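Asker: Since chain L is already given, all that's left is putting chain Y with the ligands on it; use the hints.
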Amino acid sequence: MLEVRSIQKSFGGTPVLRDVSLTVAKGDVVAIVGPSGSGKTTLLRCLNFLETADGGEMTFDGETFRFGHVAKRDIARIRRKTAFVFQSYNLFRNKTALQNVTEGLIVARKVPRARAEETGMRMLEKVGMADRRDAYPSQLSGGQQQRVAIARALATDPEIIYFDEPTSALDPELTGEVLAVMRQLADEGMTMLVVTHEMSFARNVSNRVVFMENGVVVEAAPAREFFDHPREARTRAFLRTFGARADMGAD
Amino acid sequence: MNERLWELLTDSFWQILIPGLTMTIPLTVISFALAMVIAVVVALFQFANIQGLKQVARFYIWVIRGTPLLVQLFLVFYGLPDIGIVFDPFPAAVIVFSINEDAYCAETMRAALEAVPVGQIEAGRCVGMSCLQIMRRIVLPQAFRTAFPPLSNSLIAMVKDTSLASNITVTEMLMTTRQIISRTYETLPLYCVVGVIYLLFSTVLTKLQRVGEKRLSSYGAQKE
Ligand SMILES: Nc1ncnc2c1ncn2[C@@H]1O[C@H](COP(=O)(O)OP(=O)(O)OP(=O)(O)O)[C@@H](O)[C@H]1O
Ligand SMILES: [Mg+2]
Chain L
0 MLEVRSIQKS
10 FGGTPVLRDV
20 SLTVAKGDVV
30 AIVGPSGSGK
40 TTLLRCLNFL
50 ETADGGEMTF
60 DGETFRFGHV
70 AKRDIARIRR
80 KTAFVFQSYN
90 LFRNKTALQN
100 VTEGLIVARK
110 VPRARAEETG
120 MRMLEKVGMA
130 DRRDAYPSQL
140 SGGQQQRVAI
150 ARALATDPEI
160 IYFDEPTSAL
170 DPELTGEVLA
180 VMRQLADEGM
190 TMLVVTHEMS
200 FARNVSNRVV
210 FMENGVVVEA
220 APAREFFDHP
230 REARTRAFLR
240 TFGARADMGA
250 D
Chain Y
0 MNERLWELLT
10 DSFWQILIPG
20 LTMTIPLTVI
30 SFALAMVIAV
40 VVALFQFANI
50 QGLKQVARFY
60 IWVIRGTPLL
70 VQLFLVFYGL
80 PDIGIVFDPF
90 PAAVIVFSIN
100 EDAYCAETMR
110 AALEAVPVGQ
120 IEAGRCVGMS
130 CLQIMRRIVL
140 PQAFRTAFPP
150 LSNSLIAMVK
160 DTSLASNITV
170 TEMLMTTRQI
180 ISRTYETLPL
190 YCVVGVIYLL
200 FSTVLTKLQR
210 VGEKRLSSYG
220 AQKE
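Sequence order for the protein chains is L and Y. As numbered in numbering that gives the first Met the number 0, residues 0 to 250 make up the first sequence, in order. As numbered in numbering that gives the first Met the number 0, residues 0 to 223 make up the second sequence, in order.
Extracted from the complex, chain L is given alone in its bound form:
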């Protein structure tokens, strides 16, 4: 469904992605983990053309595109089949929860309002936010905003959803509600590429894990194998520091 080959990206001469490749099959939940600054966000942003990658190519839905040479029209077409969930939610501040969900349908896809609202309500129900349909983002908690953002992503019936650390801006007690929604999506067979620091999510929900460091993929493996038998020394070191940090967070 999605294959990325040798994507590269520099910011002002500093390479951030050097030759990253990865594959996401239909129905996969792929977790991308790695230390801060390793280029995870940049990777997702390049895949949705929020940043322009310098090199490499991507096959999406059977069509191959060379980064840096993708026509505007193709970008629009690919974006219609993808959705993005941001770390900071980025709900439209001047729109209600329901309007946030229907905006992409009514405005970008010309779906009639009544049908869009029907879809919108279904999606809000799915994330448990139907009763707050008329609330503005400023009236919602972080966890609620992120759930609305997930409903917005679902509404356009994407073939893949990119998540960039969807829970890391949330208070610990609010991450659970968002992760539960994501787990449900995974169970329903949604294809997802998830940058996360939630090791329990990576271990229990994703079926593949990609470990990135300094703009390269150090190790990519099925989730169970990645956690139980990491091959690379750097992966083991990462998992150890992670364990240590998680312990420290606990007390």
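Just so you know, the hints here were simulated from the structure itself, not pulled from any lab data. A quick note: this is a predicted structure, and the numbers were derived from the prediction, not measured. There could be a bad hint or two in this list.
Stated by the list, open to error - Ranges between beta-carbon positions, derived for each pair:
(1) L/53 with Y/85: 42 to 52 Å
(2) L/241 with Y/36: 11 to 21 Å
(3) L/76 with Y/117: 45 to 55 Å
(4) Y/55 with L/75: 49 to 59 Å
(5) L/53 with Y/90: 47 to 57 Å
(6) L/228 with Y/117: 38 to 48 Å
(7) Y/116 with L/228: 23 to 33 Å
(8) L/219 with Y/132: 33 to 43 Å
(9) Y/118 with L/239: 25 to 35 Å
From the three backbone atoms N, C-alpha and C, an ideal C-beta is built for every residue, glycine too.
Answerer: Frame of chain L, contents of chain Y with the ligands only:
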């Protein structure tokens, strides 16, 4: 206070209020509406970083904000006829006030546009909206919300600034006041009357601003 003076004051109150309603308010409303339209365009040129147009916008704002309004009025009304461009007083005032106000409103709008987080635009792109759709439905409404209080202040300032138009023979409130004074010699009371009328206008606008802000904040954006 004697009866004659009291009668003069009430009479002149209405005499001055009439040009207020027929001149000051139309001059303000027309000029401000024109100013807002151009201001949004000028602000968007800068926001969208369209080279060339952006420099023109910066130059325009630099000149207009750096020169007195009165000089601009004199230049257009008394100066331009020297090169064959003649305006009636009212159109001349509208041109100068809208161009002048525009420079200030454009700066307000630019700041308000820049205050919209880039994540709002990115979210719009991700749900498949075009640049134009994002501007119209997401960025501009939020920018207007931010810009509403400073724009209201500009509007209130402008009502008072229209008194300068008396200098280019527009018979607005101040001009009318002066005419009454030249007949009656009641200088102090009559300037007080016109001052009170300006105060009334400003008060009404301030009230409207409150109402507007309340309605906008009920849409929640940028509160908290
Ligand atoms: N727009 C930008 N301009 C310049 N440098 C950038 C830009 N975006 C990211 N970078 C740099 O690229 C590197 C990778 O950033 P990125 O946000 O992709 O990392 P990350 O893996 O998502 O980290 P984190 O876990 O902290 O979110 C960082 O060093 C960052 O400073
Ligand atoms: Mg990141």
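Asker: May I ask which of the numbered hints given earlier this structure violates, with the numbers listed in increasing order?
Answerer: The structure conflicts with hints 1, 2, 3, 4, 7, although it agrees with all the remaining ones.
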